[in-house]
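Asker: Just so you know, the sequences run in chain order A and B.
With numbering that gives the first Met the number 0, the residue at position 75 of the first sequence is 74, and numbering never jumps.
With numbering that gives the first Met the number 0, the residue at position 73 of the second sequence is 72, and numbering never jumps.
Keep in mind that the hints were calculated from the coordinates and are not lab data.
There's no promise every hint is true.
Claimed, not checked - Quick list of in silico lysine to aspartate or glutamate cross-link-like pairs, EDC-like style, CA-CA up to 16 Å:
hint	chain 1	residue 1	chain 2	residue 2
1	A	Lys56	B	Asp92
2	A	Lys97	B	Glu25
3	A	Lys28	A	Glu143
4	A	Lys70	B	Asp58
5	A	Lys132	A	Asp83
6	A	Lys136	A	Asp79
7	A	Lys101	B	Asp92
8	A	Lys48	A	Glu134
Model, not experiment: these values are computed from the prediction.
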Amino acid sequence: MALFVVMVLGLSVSSGAHSENNFESKLPKSASLRFTLSDELGFPQDQSKDSFDCLDKIYAVTDVKGFKKGKHIIEFRWVDPSGDTRERTVYDFFVRDKPSTKLWAWLELSRGQGAGVVQWLNPAAGLEEFIGKWELKLLIDDKEFKSDEFDVNC
Amino acid sequence: MNKLAIALLIPAFATALVGCSSGSSEAPIPASVTNRYQGTFQNTPGTQSGSVSLNLSEDTARAVTGNIIFTSDGSNCLRNATVTGTTTGFNFDLTASQAGELFTTTTTITRTELDDAGAEVVTTESITVRESTTGTVGTVNRDLGGGRNSSAVTTSAGVTGNLNMQFNIGNNGATLQGTYVTDGDICSNNTGSGVMSLNRI
Chain A
0 MALFVVMVLG
10 LSVSSGAHSE
20 NNFESKLPKS
30 ASLRFTLSDE
40 LGFPQDQSKD
50 SFDCLDKIYA
60 VTDVKGFKKG
70 KHIIEFRWVD
80 PSGDTRERTV
90 YDFFVRDKPS
100 TKLWAWLELS
110 RGQGAGVVQW
120 LNPAAGLEEF
130 IGKWELKLLI
140 DDKEFKSDEF
150 DVNC
Chain B
0 MNKLAIALLI
10 PAFATALVGC
20 SSGSSEAPIP
30 ASVTNRYQGT
40 FQNTPGTQSG
50 SVSLNLSEDT
60 ARAVTGNIIF
70 TSDGSNCLRN
80 ATVTGTTTGF
90 NFDLTASQAG
100 ELFTTTTTIT
110 RTELDDAGAE
120 VVTTESITVR
130 ESTTGTVGTV
140 NRDLGGGRNS
150 SAVTTSAGVT
160 GNLNMQFNIG
170 NNGATLQGTY
180 VTDGDICSNN
190 TGSGVMSLNR
200 I
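Just chain B, same shape as in the assembly (with noise of 0.2 Å):
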């Protein structure tokens, strides 16, 4: 087969195949979300984030009820509640009472060290501050060893407001993406807003 025939095939064949191949498209409805959904979530500062599941049931009036739990990978604000919400189409709002005790543990990190004089200088290395919906209230001293001591104090507070979800139903109810927002005194310094990505399991 000569170099023309072959230039000459290859088009060919391209518009065959094309020829054979008709497009197609897809426009889905919203989807139930009556299911158990797992994921997970991160708070805007970067500060806090963890698992989140969502056991949700949908009535005829797109009226939603259920339960949601945080399991933390460390710090923490919000806390397992129960949910109420509604579907509009693919929107999905949800809404969790956050009332209860907030824990904040304060760690200090210090170094003790002798100046040339023979006296006690006593440096801050670190300060962390951790928030968790359960905990004791005290404070935990330790002996890191090389004159580094660290500090442990947990106070607690009766917090109350709302967490507030807006989700976004894809994949035929698959999937639920979005953004929450705590109101009230839930959490502090900002760590109570950010994205949940969850899929159903």
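The shape of chain A in the complex, shown without the other chains (with noise of 0.2 Å):
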């Protein structure tokens, strides 16, 4: 009977415990994700964009919401028209107490060498390969949380 009542306890105490430490994970996790260019000073603007000239500086921007305080890991992932992952941003950031952190990474398209010559015959030369429609997939903690898209034209 004494072990039924220490195991009973012992159980009880256990579920209450983790109860307790998955309280802050429970709350809804959530991260919005937008494009949009600088402004004069680097920060992405506030208005929204989903089409970019093949020059601009794209700016993917996310409000992450209901994560843990503590220290996470972002990446956004920069898949370029033809299904590649063209780049990766991987940095690590800090909830802190803020109800949400603002996050932002940039992608920046320069054609290549000798293109230059010709652009005045065709302004998308040397730039033909990032021509159409990107993928941002958002990762946090190394779990995709959103993606969206965008255009680039020339």
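Work from the hints to combine the two standalone chains into their complex.
Answerer: So this is what it looks like as structure tokens:
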């Protein structure tokens, strides 16, 4: 009987501790995703865009909410129109006392050497591989959290 | 070589050049701000400006400490201070306590002339207000000649509040560009907000 009481108590204590540890992680995690250009100081603009010129500096912006305080890893995976991962922007960030954490990354495309000579004939010279629909995959702590598309034209 | 051959060769050459050249892309990661930076500040009304330098150290938890030093071109309500802050990706928030004495010097230039009846008529030509974090309380009167006089009255008041800065970390940590705003009574008449732009030195 005594052994049974100890087992029941142990189970309930264990269960309580488990719930407490997971309380913060049970808050709804969310991450918005949008694309834009930069302002004159290099911050992302408030106004979103989904179509860019080949030589634009393209910003991907996210507001992360509901994640535990502390260190996390974010990855912006830039997938080009051919479906290949063209760039990966990976860095750590800390969730602090603010209700949301704003993070961004940017992508800049440039034409190949030699293409500049003929860009007067064809503005897209050396940038053809970048024209089309790009996808950005947003991963937080190695888990894909959001993805969205934008267009690049010349 | 005839014109037709040249006309054919130019596009062929151009096509070859493009064919040989592949575009490139760049998507950098945020860099540490552990560095010394120097640059300029300018308030929104355009009444206060000068140089600013930051000496910063960032730890592995992305917490930043250091100091900020101002060299004003003239009027300035911002003072040298220690700074604390955090970086979050490319975003960098920095705060400096600005508690201390603020000296306000009001300079009035007047012209004294005699009217037709021989009575003195005093006309105010200009009034300028200069803020500084250092100074001496008192009045300085000067005879500028030609019936003109200046009177500079300096008063001081204790002020409290913070200088809050938000920077974008650019060019692999080589540049900090952003905005600043003060709270409390550190600055008067909206003179305590503007832009800062610094380069790593």
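Asker: Given the proposed pairing of Lys28 of chain A with Glu143 of chain A, does the C-alpha separation stay at or below 16 Å?
Answerer: Judged against 16 Å, a Cα distance of about 12 Å means the pair holds.
Asker: Given the proposed pairing of Lys56 of chain A with Asp92 of chain B, does the C-alpha separation stay at or below 16 Å?
Answerer: violated (23 Å)
Asker: Decide if the proposed pair is consistent with the structure: Lys70 of chain A and Asp58 of chain B, CA atoms, cutoff 16 Å inclusive.
Answerer: holds (13 Å)
Asker: Has the given pair, Lys48 of chain A with Glu134 of chain A, been kept, meaning a C-alpha gap of at most 16 Å?
Answerer: Since the Cα atoms of Lys48 of chain A and Glu134 of chain A sit roughly 14 Å apart, the hinted pair holds (cutoff 16 Å).
Asker: If you draw a straight line from the CA of Lys101 of chain A to the CA of Asp92 of chain B, is it 16 Å or shorter?
Answerer: holds (12 Å)
Asker: Can the restraint linking Lys132 of chain A and Asp83 of chain A be considered satisfied, given a maximum Cα separation of 16 Å?
Answerer: OK: Lys132 of chain A and Asp83 of chain A at ~12 Å, within 16 Å.
Asker: Take a quick look at whether Lys136 of chain A and Asp79 of chain A sit within 16 Å of each other, Cα to Cα.
Answerer: holds (11 Å)
Asker: So if I understand the rule, the pair passes when the alpha-carbon distance is 16 Å or less; does Lys97 of chain A with Glu25 of chain B pass?
Answerer: violated (30 Å)
Checked against the numbered hints above, the structure breaks hints 1, 2 and satisfies the rest.
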